[in-house]
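Asker: Residue numbers (my numbering), protein chains in the order written: chain A, 1 to 361; chain B, 1 to 361; chain C, 1 to 327; chain D, 1 to 327.
Warning: the hint list may mix true and false statements.
As the list claims (entries may be wrong) - DSBU-like cross-link-like pairs, simulated, lysine-lysine; straight-line CA separation at most 35 Å:
id: 1; chain 1: C; residue 1: LYS195; chain 2: B; residue 2: LYS281
id: 2; chain 1: B; residue 1: LYS127; chain 2: A; residue 2: LYS206
id: 3; chain 1: C; residue 1: LYS46; chain 2: B; residue 2: LYS269
id: 4; chain 1: C; residue 1: LYS181; chain 2: A; residue 2: LYS354
id: 5; chain 1: D; residue 1: LYS20; chain 2: D; residue 2: LYS195
id: 6; chain 1: A; residue 1: LYS11; chain 2: B; residue 2: LYS244
id: 7; chain 1: A; residue 1: LYS281; chain 2: A; residue 2: LYS320
id: 8; chain 1: B; residue 1: LYS206; chain 2: A; residue 2: LYS12
id: 9; chain 1: A; residue 1: LYS354; chain 2: D; residue 2: LYS313
id: 10; chain 1: B; residue 1: LYS244; chain 2: D; residue 2: LYS20
id: 11; chain 1: C; residue 1: LYS46; chain 2: B; residue 2: LYS354
id: 12; chain 1: C; residue 1: LYS195; chain 2: A; residue 2: LYS354
id: 13; chain 1: D; residue 1: LYS20; chain 2: C; residue 2: LYS280
id: 14; chain 1: C; residue 1: LYS253; chain 2: D; residue 2: LYS252
id: 15; chain 1: A; residue 1: LYS10; chain 2: B; residue 2: LYS127
It is worth saying that the hints were derived from the structure and are not from the lab. Values in this document were obtained by computation on a predicted structure and should not be read as measured data.
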Amino acid sequence: MLFDQYNPLKKKVLQILDNEGQVINKTLEPSIPDDVLLKMYQTMTLGRIADIKAIQFQRQGRMLTYAPNMGQEAAQIGPMAATSDNDWLAVSFRELNAMLYKGVTLEQLFLYWYGNEAGSKYNDSVKVLPVNVPIGSQISHAAGLAYAAKIQKKDEVVIAYIGDGGTSHGEFHEGINFGAVFNVPMVIIIQNNHWAISTPRAKASKAETLAQKAIAYGIPGIQVDGNDTLAMYVATLEAIKRAKLGQGPSLIEAITYRMGPHTTSDNPKIYRSDEEVEAWKEKDPLKRFKNYLLNKKIITQASDDALNQEYNQLVLSTFKQVEDSGLVSLEEVFNHTYQEMTPLLKEQYNDLKKYEETEGR
Amino acid sequence: MLFDQYNPLKKKVLQILDNEGQVINKTLEPSIPDDVLLKMYQTMTLGRIADIKAIQFQRQGRMLTYAPNMGQEAAQIGPMAATSDNDWLAVSFRELNAMLYKGVTLEQLFLYWYGNEAGSKYNDSVKVLPVNVPIGSQISHAAGLAYAAKIQKKDEVVIAYIGDGGTSHGEFHEGINFGAVFNVPMVIIIQNNHWAISTPRAKASKAETLAQKAIAYGIPGIQVDGNDTLAMYVATLEAIKRAKLGQGPSLIEAITYRMGPHTTSDNPKIYRSDEEVEAWKEKDPLKRFKNYLLNKKIITQASDDALNQEYNQLVLSTFKQVEDSGLVSLEEVFNHTYQEMTPLLKEQYNDLKKYEETEGR
Amino acid sequence: MALLNILEAVNKALETEMQKDPSIVVYGEDAGFEGGVFRATAGLQKQFGVDRVFDVPIAEAAIVGSAIGMAINGLKPVVEMQFSGFMFPGYNQIVTHVARFRNRSRSKYTLPLVIRMPYGGGVKALEHHSESLETLFAHIPGLKLVIPSTPYDTLGLLRSAMRDPDPVIFMEPKRIYRAFKQEVPDEDYTVPIGKAKVVIPGKDITVVAWGAMVREVESALKLIENDNISVEVIDLRTIAPFDRETIVESVKKTGRLLVVHEAVKSFGPGAEIVATVQEKAFYYLAAAPKRLTAPDITVPLPKGEHHFMIDPKQIALEIRNIVSMKA
Amino acid sequence: MALLNILEAVNKALETEMQKDPSIVVYGEDAGFEGGVFRATAGLQKQFGVDRVFDVPIAEAAIVGSAIGMAINGLKPVVEMQFSGFMFPGYNQIVTHVARFRNRSRSKYTLPLVIRMPYGGGVKALEHHSESLETLFAHIPGLKLVIPSTPYDTLGLLRSAMRDPDPVIFMEPKRIYRAFKQEVPDEDYTVPIGKAKVVIPGKDITVVAWGAMVREVESALKLIENDNISVEVIDLRTIAPFDRETIVESVKKTGRLLVVHEAVKSFGPGAEIVATVQEKAFYYLAAAPKRLTAPDITVPLPKGEHHFMIDPKQIALEIRNIVSMKA
Ligand SMILES: Cc1ncc(C[n+]2csc(CCOP(=O)(O)OP(=O)(O)O)c2C)c(N)n1
Ligand SMILES: Cc1ncc(C[n+]2csc(CCOP(=O)(O)OP(=O)(O)O)c2C)c(N)n1
Ligand SMILES: [Mg+2]
Ligand SMILES: [Mg+2]
């Protein structure tokens, strides 16, 4: 059991791939089917390109705020590959890669960050909760999803994400404790990317690891190299197994790094050094996973070049489409407060409609 | 260091006195001056009598709601005896004994439970926060008091109490984490009395001990026999020492039991067995401490009888006084919303005054 | 027919709906084994099992947050806040999520859930056990807020709340939980959300109240029996979205309005009713619409609470005052 | 004299008060090292050290709760909620403690503290970054609520807030943080809490606004320059306790009232102002007092936000409408 072997009090960090993508822990190397490995890599690649472009679009004044994922792809794709279609995903707000993997479309994601609620209306079969801005509050949603799965005997596990900063929040505590008390099928993944906007990890907690917070809830915890896709995969797989066996939640701390700014409104140069950022470039999760797949001959440099070109185009055309979608209609803005508009809302809607028709807006 | 020796993961519980008040851990027996031992015992005795009488008064329809302390005296008096006059106390709502020890008068306590805010206007020198009803919210008050002490270089430590049920609350998490991050001089004492109204300790957390929650905050924790006044004393003393050395907060789990109902509105027979209650009678903290003092010849059975008689009278006369205090005036009810009444409040006050004068109330 | 008080009506609504709808789950602090500190959920765990009726850790944010997850994943949670004064830790979830999931996801995720809570003063309780917090829910788009004043309405409205496709806050006037009994039909019935009830028709003045205040108004009428004032009493029943039509029509008829509520005055629920009425019926007003409310202070502890509570004599005086004003 | 925008005025108020009063501490999420996401606290940590200006864990309840403890133990905390939409987790502490410690302890423990937060829409932000939550503070006895609309008032009011013996919620209209600059005196001055300001005197209609809406009203006046309507514009500045006298006197003079606010309408701040005016000036009213507010929906994301925001043309239309009504 990995969670025993890597009990957070032992101060060990689970790692399988080194910085060059060589397997350094052969016994733990998972046997993932080639097509899954490929999907993982493709999603990471798409995520990376989308991320870089989104920042560019924003700099060009075409995109609104955006919260970059760069550097955190492994912490998202490894776990998602360990899930099945039945499983739920409750995100925070920096999980573009995970959402893509679970079936949210790039168009929807761009539409959301472009400032349109329609971007959170995922396709019917997609079991992902919308981007969750109030820090920590998604954890109890996950616990509730998982409770419902449990008592309805659905074969579902819920994966919930949170940041290092988010672990300080009361909502984190209550949600995870609730899930633990009811032994629900849930896996909580902390993306410890070392920063909460400008606030360093040290200000989130005096605890040496965030994984050891598991002990407070009587559940297993583990620290994982969050830039190692395979390590994240195996840790999550074991947590999911535990959940399916009725053993309750597990906590995974993914040690990773936010390579970009907090959001496009943030200037990280104010609070962190270039050296720190440079050092983390060595551990780039995409490079590591790419090398692994090159070594396994699942991809080639040529296939990768083609993929990159294809995705570059895809990202550009998708964003163009989103940009062309324009403004949200008055009706859409009023239509989803309740199933039916109340008489008062109807009145307000009609008044505004009349005003906008005659006076424009 | 006790906190190392009794690290909660070792599953040991600190105990010095056995159920009969015999010292079973000679090396840890503290040397408390006789007058302090006596004050401790007297306060416990007064607390016990006040408690029993308060319930009687309530049954007679003379007292409002009251939250009994019986069985938890050691968990309150041990720690308070370890504090100095400088130190602060932030209570929950079941700490009558601790409050008495720190200088809140019995009259004030009765007045509070009798339904009069004046009962929370403690004497100037008393450094105790008022009864705090919203579960868990006192912990961050304590952290703030301690932060202020720290940066103003005051020689103060803050003791905060919470119940087992309260540890589930987000407010507990945030307050303790805040204190830990800033390394403030604070000691958090969980009175694990096994019940939160009708909800058993098991529903508060899946963790085997509540003391191990300390690990989540990177601070030391310890499980203590909460019905053992000496054990509670030495654990708190060490925590206070750590705090004064700038080593930050500590967490103490006092294993104890609520012998009475949750409050006078509660009927515990609905949710717990008589056997459970009976078993805990064996561990009565007052009996244990009394025997210890008898053995040490600090009290005699005769002196104790006299004390009991005196306190019986005191409690009766104090309550009588409180009862005679009657209703709160309109002015008092309006006078403390702001330092000065706003014009609107003045208007509302005058209107009501006129109404009450002409129509009575 | 069964003779029930409000508390029993709550219990019966839960019981009968749970029998019909297996997706309903009921939980809250002490709401499971012992059936709640007021016993509103008594007997349900025995009947429906611990999976559907259960105690939870003391954690209001998690109570509300988990209900959101459950509602999304096929259940219909009816959760209890032990007292409305303790809902604040869950208020973040209520405002930022309960009220918004439908809109945020453009109706992909909807939240059929109910949050019950006893509220109001006059029960000689500790601090935080007596507040009237209607405004804090009524002001939030996406929430509905229902407050019954009789056993019949409690049963019918709580059923409607449970059948509503959107989240409903259900505040229960605990002061009259056991104050009186009423015959209620055995067969299934509902009372619609969003409809006020004209309790007593009249033509000189409209008095709007809800919860425990409805009875206080009724008591006040006895004090002015011989005054020859015809009072129309309206029980609002749904605070949000409230039944503007019934109230505005009534005031158009009477020309006078008094709103009576337990909440403090400033920025309270009465202000909205008064503002709406003068927007919609300004030219019909014979006197300034008035509010009789608690003063703008924290609810006093019991020994001072009488200064805070509204009594029938005050209501009677206020009615006389307003009616005496020349048109 | 210095030429400052509102953000700079906030910063200057903090700086000058901290220089005078060593008990002031300033903290919040990212408020220390980088000086806040809006840079309202920029430079303060450098000047006053990490003990007095610091970053904290993401935990709004602890931010507010610790401020309570500090205020009781000799400090004067000025804390920042990063956005008003994220104050909800701290709302429990605000309502159950900040507003109540004085009363609860019969003035043994008082809380001289300030809770600052940027609020309001129109900045094309993510969800929860645009709400206007005045009501949620104004309705709570024991709190004061201040909202400035100019750099001069910001500096003067924030100083008053820091010198107030009681807790003050200080909401900052972030939309106009950098919208314009104003000369402010170098010497110490304050603007009193509880006093509204007649920005433009007039005699046909009273328009009450605050925060970013004051400028929108001013823009509206330009659109009706040639309409020969004399508008009295009042900047409320303190929402609670608000300056009833100035408003009521104004409406007694003009006979007409329009309240403009960014908050949603129902049970919103405008209702109280309307209700108060008609209670106090009913016989002076020439037309029904009106509210121009956001509709009762969740603030839309940026691509739909224009439907939600109030624009000067709407205000102009509404003024014309009200004035055109026969007395
Ligand atoms: C309750 C709440 N408070 C404050 C914020 C503002 N905020 C947005 S992101 C963020 C930092 C989050 O840090 P972390 O949890 O480490 O996640 P990361 O941004 O690193 O992914 C803050 C404070 C918020 N969204 N919600
Ligand atoms: C935030 C909040 N939620 C609910 C309550 C109601 N309540 C009062 S005491 C209590 C149980 C507390 O249990 P525990 O923390 O174990 O303390 P004990 O009563 O055993 O001393 C509850 C739920 C409250 N006071 N505050
Ligand atoms: Mg982070
Ligand atoms: Mg307990």
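Asker: Need the list of violated hint numbers for this structure, in ascending order.
Answerer: Result: hints 1, 4, 11, 13 and 15 break, sorted rising.
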